[in-house]
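With my numbering applied, the sequence shown covers 122 to 647.
Bear in mind the hints are in silico, worked out from the structure with no lab data behind them. The structure presented is a predicted model; accordingly, all values stated were derived computationally and were not measured. Careful: at least some of the hints might be erroneous.
The calculated label-pair distances, taken between Cβ atoms and stated as ranges, are [stated by the list, open to error]:
| id | residue 1 | residue 2 | range |
| --- | --- | --- | --- |
| 1 | W455 | R275 | 51 to 57 Å |
| 2 | R349 | D536 | 51 to 57 Å |
| 3 | G398 | R572 | 45 to 51 Å |
The calculated lysine-lysine pairs, modelled on BS3-like cross-linking and capped at a C-alpha distance of 27 Å, are [claimed, not checked]:
| id | residue 1 | residue 2 |
| --- | --- | --- |
| 4 | K259 | K386 |
| 5 | K375 | K386 |
| 6 | K375 | K439 |
Heads up, the beta-carbon is just placed ideally off N, CA and C, and yes, glycines get one too.
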Amino acid sequence: MMSEKGKVKSEKFNSPLSRGDKGGCKNPLSRGDKGGCVDGALMIIRTQMKHRTTTEHTPISPLPEALGTGKLSVFRNPDTSGRGLFPALILVIGLLTLYTQPVIAQGVGASQVTPPPDRNALSGYSPQGETSYPQLEKYLQIAIEQNPELQSMRAMLEADRERVREAGVLMDPEITVAYDFNPMMYDSQLGRFSVSAMQMFPWFGTLETRRDLQRSAADVNRAEIGSRQLEILRDVQLAWFDIAEIREQIRITKLTLELVRDLEKLVEARYETGRTGQADILRIQMEEQRLQTRIADLEDRINPLTARFNELLNRDAKTYVETTDELRHTDLAWSDEEVKEQIRQQNPVFDGIEAERSAAEKERRLAELDGRPGFGIGVEVMGRDFGPMSMFPDARESIVGMATVRVPLFRSRYDSQKRQADHRIRSLYLREHQTENRLIAELEQYLEEIRRSERTVTLLSEELVPRAQQALTILSEEYSVGNARFDELLQIQRELLDLEFERIEAVVRQNQAVVRVESLMGYSPP
Numbered sequence: 122m123m124s125e126k127g128k129v130k131s132e133k134f135n136s137p138l139s140r141g142d143k144g145g146c147k148n149p150l151s152r153g154d155k156g157g158c159v160d161g162a163l164m165i166i167r168t169q170m171k172h173r174t175t176t177e178h179t180p181i182s183p184l185p186e187a188l189g190t191g192k193l194s195v196f197r198n199p200d201t202s203g204r205g206l207f208p209a210l211i212l213v214i215g216l217l218t219l220y221t222q223p224v225i226a227q228g229v230g231a232s233q234v235t236p237p238p239d240r241n242a243l244s245g246y247s248p249q250g251e252t253s254y255p256q257l258e259k260y261l262q263i264a265i266e267q268n269p270e271l272q273s274m275r276a277m278l279e280a281d282r283e284r285v286r287e288a289g290v291l292m293d294p295e296i297t298v299a300y301d302f303n304p305m306m307y308d309s310q311l312g313r314f315s316v317s318a319m320q321m322f323p324w325f326g327t328l329e330t331r332r333d334l335q336r337s338a339a340d341v342n343r344a345e346i347g348s349r350q351l352e353i354l355r356d357v358q359l360a361w362f363d364i365a366e367i368r369e370q371i372r373i374t375k376l377t378l379e380l381v382r383d384l385e386k387l388v389e390a391r392y393e394t395g396r397t398g399q400a401d402i403l404r405i406q407m408e409e410q411r412l413q414t415r416i417a418d419l420e421d422r423i424n425p426l427t428a429r430f431n432e433l434l435n436r437d438a439k440t441y442v443e444t445t446d447e448l449r450h451t452d453l454a455w456s457d458e459e460v461k462e463q464i465r466q467q468n469p470v471f472d473g474i475e476a477e478r479s480a481a482e483k484e485r486r487l488a489e490l491d492g493r494p495g496f497g498i499g500v501e502v503m504g505r506d507f508g509p510m511s512m513f514p515d516a517r518e519s520i521v522g523m524a525t526v527r528v529p530l531f532r533s534r535y536d537s538q539k540r541q542a543d544h545r546i547r548s549l550y551l552r553e554h555q556t557e558n559r560l561i562a563e564l565e566q567y568l569e570e571i572r573r574s575e576r577t578v579t580l581l582s583e584e585l586v587p588r589a590q591q592a593l594t595i596l597s598e599e600y601s602v603g604n605a606r607f608d609e610l611l612q613i614q615r616e617l618l619d620l621e622f623e624r625i626e627a628v629v630r631q632n633q634a635v636v637r638v639e640s641l642m643g644y645s646p647p
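The task is simple: from the sequences and hints, build the whole structure.
Next comes the structure, spelled out in structure tokens:
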């Protein structure tokens, strides 16, 4: 007759757990749920371990070797607790560390957007060195730093850099908590509570391709900043030359007004001696009033130009704009062929097209990778019922490894994405060709304007203006002795003023044409 103690040992030895039947330790419902987060499961496991009672209330299974020999101890060995749990935890942590550590590192480094080829438009370098006007250089630097549109675009570029970081992060893990409210067997030794975690991983290279795609998108915006900066600097220079032109015209008009007043004194002297009539005095006074009105009109024209200029610099509309005392024509430092080559190589518009083409290629590659399987790994931990399972000292938590595979069965979507990318690439090649043709056509127009303005400046500065001044001097002397009519003197004075205006306008147009050519080339003054 078997003793009472022997019966207890025999019952324990013949239990499903002691026989090695592991099927009872798994919850079919929780096993079928593949979602979850491994990190969350580890936290749940640690929480369960903290809430364990003492040995006499929650006995655990002895060493695994005892299962094979049938020698089981009813006492808990503290050195062997959790021996089946820790290897599984170490395995899961190791797998996640090997995969996620480089992903996190790459995600942090990915915020550094790969810069496009060095463009002088972005660095502010000009092959000609400094501009001919120091006053203008100061305003260009202010525009680069304070223009609100450029500041807004730079902020958007920083947002794009953060998208690069975002694209390099794994999908969020999923965690599932299950509790069996109605077990099949009330006195089942299986635990009702279970926790499962699952982490999905895309196909190899998918995360890096997504980061590359976002880098290309950031490069597109970077090129747009370069193009817009060139346009703003060009507009600043054009507006500055317009203001300088009007101020130079005002200066010339005031000098002409002083000359007219000197002529008025001469006419009055002749009138007092009876050598001329009162009509000459009235005509010279009319000319004086006409010049004063012209000066007032020119001064009014400065106001909207000043407001436009200060808008580009993000300043008050009435802030004074400092200009030069003398306008000079600027020579273009390159030949026509060199300019065309620089446009193809340096204009940031081509950087933007190249970045868009790179993004389209990355989209095609991403469509290919999305069309490949994805996979996930996870773990499921089933707790113990402290009531029924406390009677079985060899019972322990069940740890189940899980794996899942995403099968991209429907291929039409991925094929359509690849065809879209191919069409975009072809479109960008055509756009690049059309952009080059447009820029070359604009260049030819600006080069023709430079040559025409240079011819006009040469003609006026070396021929017409000196001769008109000489004619005015001769007529003034002849009029003083009565050998010339006053209307001839007045006419040559008007012609001289018009020639001076025409010369100033030609110098300004030549400078502005050079500015436009440099903008097409991707250069801007420092």
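> Has the hinted range 45 to 51 Å been met by the Cβ atoms of G398 and R572?
Replying inline: 49 Å, holds
> Is the hinted range of 51 to 57 Å satisfied by the C-beta distance from R349 to D536?
Replying inline: Cβ of R349 to Cβ of D536: about 37 Å, so the range 51 to 57 Å is violated.
> Is K375 close enough to K386, meaning Cα to Cα at most 27 Å?
Replying inline: 17 Å, holds
>> Hint check: K259 vs K386, CA-CA at most 27 Å. Holds or violated?
In response: Since the Cα atoms of K259 and K386 sit roughly 45 Å apart, the hinted pair is violated (cutoff 27 Å).
> K375 and K439: Cα distance at most 27 Å?
Replying inline: 23 Å, holds
> Between W455 and R275, does the beta-carbon spacing fit 51 to 57 Å?
Replying inline: Since the Cβ atoms of W455 and R275 sit about 30 Å apart, the hinted range of 51 to 57 Å is violated.
Consistency with the previously given hints fails for numbers 1, 2, 4, ordered from lowest to highest.
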